[in-house]
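*Asks:* Chain residues, written in single-letter form:
Protein chains: 2
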Amino acid sequence: MTEPTSARTTAETAEDAIEDTEAAETLQRLRGSIDNIDAALVYLLAERFRATKQVGRLKAEHGMPASDPAREEQQLARLRSLAIDAELDPEFAQKWFTFVVAEVIRHHVEAAEDR
Amino acid sequence: MTEPTSARTTAETAEDAIEDTEAAETLQRLRGSIDNIDAALVYLLAERFRATKQVGRLKAEHGMPASDPAREEQQLARLRSLAIDAELDPEFAQKWFTFVVAEVIRHHVEAAEDR
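From first to last, the protein sequence lines are chains V and G. Just so you know, we're using this note's numbering here: the first sequence kicks off at 1 and counts up by one. Just so you know, we're using this note's numbering here: the second sequence kicks off at 1 and counts up by one.
Just so you know, these hints were derived from the structure itself, not from any lab. A portion of the hints provided could be inaccurate.
Unchecked claim - Cβ-to-Cβ under 8 Å is the rule here; a few derived chain G residues that face chain V:
no.	residue
1	E72
2	Q75
3	L88
Glycine included, C-beta positions come from ideal geometry on N, C-alpha and C.
So here's chain V without its partners, still in its complex pose (with noise of 0.2 Å):
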């Protein structure tokens, strides 16, 4: 016979067994969809940059300033907005746009300096 006590642990070590498995399913599923998502977002990020690369050759050919400190405060306004309806931390946004902004500046610079 079987003690209770190892009984009551089989079928708890059964229990979180099957609890485990939903846990690495739940997993799996949300992977996937996070990897679609960075498939999205990577497609519309390069389709960013053709824009601020056609703004950064406009800029260079007119001679405009590579950065813009009005727009980029309206933008951040913005983008801050969108964030908090899109229930998105706005720090993160503001910190994001700041990434993306200084890569584009980079390449306005870069843009300027091969005329």
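Put chain G on the given structure of chain V with help from the hints.
*Replies:* What follows is chain G alone, placed relative to chain V:
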């Protein structure tokens, strides 16, 4: 009578003015596209964080580590390949991904600490 040089200068100035107006219109059009893309990016980032927050909770509940280097390596390789396909600088895609993942891991660690 106007001096030929002066007339030429006036014509050139008029041409320059038309060119500048066209450039300003193009800039406005491109900025409109960038703003649309940014709104889409913010909503997608929000959706990504919803998914990673669920992953964070799941990992905290099951005592899984907050970061998963093998998974991150796979994601990075895939994103670099997608970036090349989308004509986005893969170095930028990598920097961007590292930036986003750092924020996600910060959330996961917080989720684990809150338990």
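*Asks:* None of the hints should be skipped; say for each whether it holds.
*Replies:* We went through each hint and held it up to the structure:
1. E72: 11 Å, violated
2. Q75: 7 Å, holds
3. L88: 4 Å, holds
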